[in-house]
Amino acid sequence: MNWISNYVRPKINSLFSRREVPENLWTKCPECGTMLFHRELADNLNVCTNCDHHMQLVPRDRFTALFDNGVFVEVEVPLPTADPLHFRDQKKYPERLKAAQKQTGEKEAMLVAEGEIGRTPIVAAAQDFSFMAGSMGMYVGNAIIAAAERAVELKRPLILFSAAGGARMQEGILSLMQMPRTTVAVEMLRDAGLPYIVVLTHPTTGGVTASYAMLGDVHIAEPNALICFAGPRVIEQTIREKLPEGFQRAEYLLDHGMLDRVTHRRDMKLELVTITRMLMGLPPAVMGDLPPPDLPAEEPEPTPEPKAAE
Amino acid sequence: MQSYLEFEKPLAEIEGKAEELRAMARASAEMDVEKEAVALDKKAAQLLKDLYKDLTPWRKAQVARHPGRPHCKDYIERLFTEYTPLAGDRNFADDHAIMGGLARLNGRAVMVIGHEKGQDTQSRIERNFGMARPEGYRKAIRLMDLADRFGVPVVTLVDTPGAYPGKGAEERGQSEAIARSTEKCLKIGVPLVSVIIGEGGSGGAVALATANRVAMLEHSIYSVISPEGCASILWKDAEKMREAAEALRLTAQDLHKLGVIDRIIAEPTGGAQRDRAAAIDSVGACIEDMLAKLSGLGRDDLIRERRKKFLNMGGKGLAA
Ligand SMILES: [Zn+2]
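Those protein sequence lines, which keep their order, are chains A and S. Residue 123 in our numbering sits at position 123 of the first sequence, with consecutive numbering throughout. Residue 157 in our numbering sits at position 157 of the second sequence, with consecutive numbering throughout.
None of these hints come from the bench; they were simulated from the model. All C-beta atoms, glycine included, are put in the ideal place defined by N, C-alpha and C. It cannot be assumed that every hint is accurate.
[As the list claims (entries may be wrong)] On the chain S side, residues computed to face chain A include the following (Cβ under 8 angstroms):
(1) Gly203
(2) Ser223
(3) Ser232
(4) Trp235
(5) Arg249
(6) Met313
(7) Lys316
Build the full structure now, drawing on both the sequences and the hints.
In C-alpha cells:
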C-alpha cells in the first residue's frame, strides 16, 4: 500500500476541495464532476442534473418528497439496550454513536413514518446511510418490527427503503440476530396479507441484503445502486479475477432476475402509488388537487382554493 | 497424528519427547524409559488441562477451526442410522458445501442438514471449505420444506466460515437464498434444533441456525464477522484479530449470557479433536434431549415460539 497516495493525498485533497467548494453552496457530482448548486440538487431529489447519478437522500428528505404535501407522522421505535456488548475498538461504541447522532441530527440509522402517498395510506421505513453506514443493529431491527406492527395495525402496505453497509459490527452477534428478527417482521406482513415493497438504494449490502431487503413482494432499485451480499473487493480478493462492468449494480441484478424494476427517483412515488393501490384493491389514484375522497360527509368543509400543481 | 495449534506448542514438545522415548525403547530392548515417559504423559495431561481451562476468544476461534475437529459428515456417520443423502436444489446444481438427507436418530426419523468443510485437500475443494453457494441454501430450503410437509423434525449442524463470496454465487442470488432459508426456518411447523459444532460464520450460519433451540459446543464460535475481518475493518489491521475476537463476544459462554443460544455442550479436555467420539456422542445426547423437549408442541406452537424467541432476542445486554 502506498502510504503517500492513500493517506497524505486525500487529506490534502480534502483541504483544497473544502476551500474550493463552500459547503453550503455547491456539491460536486462524484460521478461526472459537475458542480451542482445545492438548491438545484435538492429540488432534483439529490439526483445529478447532468448525468442522473443518484446521490444519498437522507430519510427525512426522502419522506418529505414521498408523502403527500411532505406530511408524515413518525412511528416511535423502542430504544434497545445501549451498547449491549460494551464494545470498543479504537473508539468506544457509545462515542461512535454519539458522533453519528451529532453529525446527522438523527437518533439512529432508520426512520419510520406513516402517511399518505397519492392519497394511499402507507407505512414507510427508510435506512440512513449517513448514520454509521446505515448499519443494522438492534435499533434498526426494532424499527423494522415497529414498522411492520404499525402496518398490520393500520392494515397498510409497508414500503421499505434500504441502504446499508451491512451489520453493525459493534453489536456483534446481536446485529447478526437482526436477520431472523427482521424476517419475523416480514412474516407478520405476509400473515396479514399486506404488501411489502422494498426499494433498494445505493448501497445495500451484507446481512441487510440477505434478510429483509431481499424478501419483498416487489423489489425496486434506484439506478446504479450497488446491491450485493459480498462486496466486489472481497470477491476480487477471493477469486482473483476482474469483475465484469456493472457487476452487482441494480441493472445487473435486474438482468439476473433479482429485481422487478429499476426506477428513477423522480418516478418512484408514482410507481409506488400505482403498485400499492393495485395490490390493496384500490381504484386508480386520482392525481392533482381534488379534495381528499374520504372527508367525513356530515361536516362538509369549504372547498379549498385550488393550488398550483406539484 | 495429532496436529497442534500455535498455542499448543509447549504441549507438542512434551508429547513429542514422550513419543521419542517410546520409539527409542522399541528400537533397543534393554532401554527402560517407561517411567520417564509416563511422567511426561502426566505433565502433558496437566498442561492440556491448563491450556483449555480458560481459552481466550481468539484461541477458541482457532480450536473451532481445528482441522481434526469432527465435521458434519462425522456426526452423521456416528449418530444417525439409515442416512439417505438427498441432493440438489432442482434448479441449478448440488452444492456439496451443505449436505443433508433423511436419517434416524435413536430410531426417530429426522431431516439432518449441515455445512461440511471436508477433511483433506481434495474433499475440502469439493466441499468448498464449507462455504455454500445459493444452491446449498436452496437445497436446505427444499429439505426443510419436505420435512415440514411430512412432519419430520429438522436437525441442523452449523460449521461454516460464511457464505461463499464468489461471482456466480452473487449472480444467482446469494442474498436472496440466505434470506429465504432463514425465512423457511421460521415457517416450518416441525421442531427445528441446531448445533454449532465449529464455526458459525455470519449469514451463512443464520440461514440454518434460526431454530427453536440452538446449542453450541464449548469451544465453537458464532459471529457476525470473522475476527480477522472485523480487525481489518475496525482496527484497519487484520493482525488485531485477538482484540476483535474479544470485542465481538463470539464464544459459546458469552452468547449464552446474551440469550442468543440455549445450551453449551461440554467438550472433552483439549477440545473435540482430542476425543472425537466422545464429542460427537455429547452432541447426539443434546440433540435427542432438545427434540424430546419440543415433541409435545403442535405446529402453530412451534412456529409461534420460534418467532417469539427471535423477536425477544437482544432484550438484555451483558452485565457491566
Ligand atoms: Zn453527475
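Hints, verified against the model:
For Gly203(S), the suggested interface contact is upheld, since its CB lies about 4 angstroms from the closest CB of chain A, less than 8 angstroms. Taking 8 angstroms as the C-beta contact cut-off toward chain A, the hint placing Ser223(S) at the interface holds, the least distance being around 6 angstroms. Against a cut-off of 8 angstroms between C-beta atoms, the interface hint on Ser232(S) is violated, since the closest Cβ of chain A lies about 11 angstroms away. Taking 8 angstroms as the C-beta cut-off, the interface hint given for Trp235(S) holds, the closest approach to chain A being about 6 angstroms.
Among the interface hints, the one on Arg249(S) holds; its C-beta lies about 5 angstroms from the nearest C-beta in chain A, closer than the 8 angstroms criterion. Using the Cβ-Cβ criterion of 8 angstroms, the hint placing Met313(S) at the interface with chain A is satisfied: the shortest such distance is roughly 5 angstroms. The beta carbon of Lys316(S) is positioned within 8 angstroms of a beta carbon in chain A (closest approach about 6 angstroms), and the interface hint is therefore held.
Hint compliance for this structure: hint 3 is the single one not met.
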